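These protein sequence lines map, in sequence, to chains A and B.
Its first residue numbered 1, the first sequence is counted upward by one per residue in my numbering.
Its first residue numbered 1001, the second sequence is counted upward by one per residue in my numbering.
Simulated from the structure, these hints should not be mistaken for laboratory data.
A hint or two may mislead.
To be verified - With a straight-line cut-off of 30 angstroms between C-alpha atoms, the simulated DSS-like cross-links for lysine-lysine are:
no.	chain 1	residue 1	chain 2	residue 2
1	A	Lys53	B	Lys1110
2	B	Lys1044	B	Lys1022
3	A	Lys65	B	Lys1146
4	A	Lys94	B	Lys1146
5	B	Lys1110	A	Lys65
6	A	Lys94	B	Lys1022
What you are looking at is a predicted structure, and each value in this text was computed from that prediction instead of being measured.
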Amino acid sequence: MPADRSLFIIVVGCGRLGTYLADHLSHEGHSVVVIDTNCAAFAYLSAEYSGFKVEGDATELAVLKQAKINEADIVVGATHNDNVNLMIAQIAQKVFNVPKVMARILEPQREKLCHTLGIVTICPTTLAGDGILASIRGFSIPAQEGADPCTP
Amino acid sequence: MHTVIVGGGKLVYFLCRSFLAKGYQVTIVNRSAAECTWLARQSKATIVLGDGSDPRILQEAGATTADAVLAATPNDEDNLVICQLASLRFGAPRTLALVNDPDNEATFQKLGVTSAFSTTHLVSSLIEQRAGFEEITAMTSVAEGKVNVTEVLVKPTSPVVGRALAEIQLPDNSLIGCVLRDSEAIVPRGSTTLKPLDRLVVITLPENHGQVLRALTGDDT
């Protein structure tokens, strides 16, 4: 399904989240560049992935420039390292004026700082936690009818 | 003065030793238990075990009352987050970061770190500016490395001996600020003539530094 307008999207980190995003976005017709320090990580991308792959450390300005960050519409920090994601998001937003920037942050304690800095974050820890809590709160033990469920 | 230093290794150890010798209060944050034990045995600093980019650890290290927070871990991203947490969350008045990538110096300052130093940059400019000039005895950089102040000895073989300053063609944006002769300091005019064994205090920019020194010493290196 082609998108209304093709966007230029940089995904930093080619782990589980990075490959998921890169594959979907590429499939939807966007131009995607994925950056990872280890080129072996690119093996997890699907065969249909048609974007670019840049091997390098994205905290190095030269690597971000090589990925053409100055032309990007969207930058997503999707490495397993919160601080890397937060640093790249800030560079994208404040140095290169990228219109939409997101960072995956695993440690909920650090989210407050991100919000002070005006960085949009996605925290899988609180997402999963809230989902599980909501499911627990909606759960009640069915009324017992005689038999003790603990005895086989 | 209370300084919080995040990081490890010899650099942090020697920094801590020199700060303590000046009477500063020092807290070191390090994520390795073994290194914390070693630091605690070697110095009188307060040692906190943990990740310095975790707000709880920084708070425990006293970031709220620190006069300066220095982030000296090997990772640029950690140093950035440590400095930002310290200033935005805990109100530290001065934050300093070591950076590996020289390009990050400017970026970090743009993102609110008070000062960022690239060791690569410092060492490479020192090597470039010192190498080959034995007459140079002291050099300092001011304004974050934008201006160099150098002391240069006028050797008897120097092409500038016996010439008035007005005759010496120095590159633009450079200046002989002072002539030290027989333990006397002269603020020179165009008519001041240079003599052997004068010491010149020269003000240069990094881009013309080499040119100016070559003009004064006559060395082709």
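Hints versus structure:
Proposed proximity of lysine 53 (chain A) and lysine 1110 (chain B) is supported: the alpha carbons are some 29 angstroms apart, at most 30 angstroms. At roughly 13 angstroms between alpha-carbon atoms, lysine 1044 (chain B) and lysine 1022 (chain B) fall within 30 angstroms of each other, so this suggested pair holds. For the proposed pair lysine 65 (chain A) and lysine 1146 (chain B), the alpha carbon gap of about 25 angstroms is at most 30 angstroms, so the pair holds. Restraint check for lysine 94 (chain A) and lysine 1146 (chain B): satisfied, since their Cα atoms lie roughly 24 angstroms apart, inside the 30 angstroms limit.
Distance restraint check for lysine 1110 (chain B) and lysine 65 (chain A): the Cα-Cα separation of roughly 17 angstroms lies within the 30 angstroms cut-off, and the hinted pair is therefore satisfied. For the given pair, lysine 94 (chain A) sits about 38 angstroms from lysine 1022 (chain B) by alpha-carbon distance, which is inconsistent with the 30 angstroms threshold.
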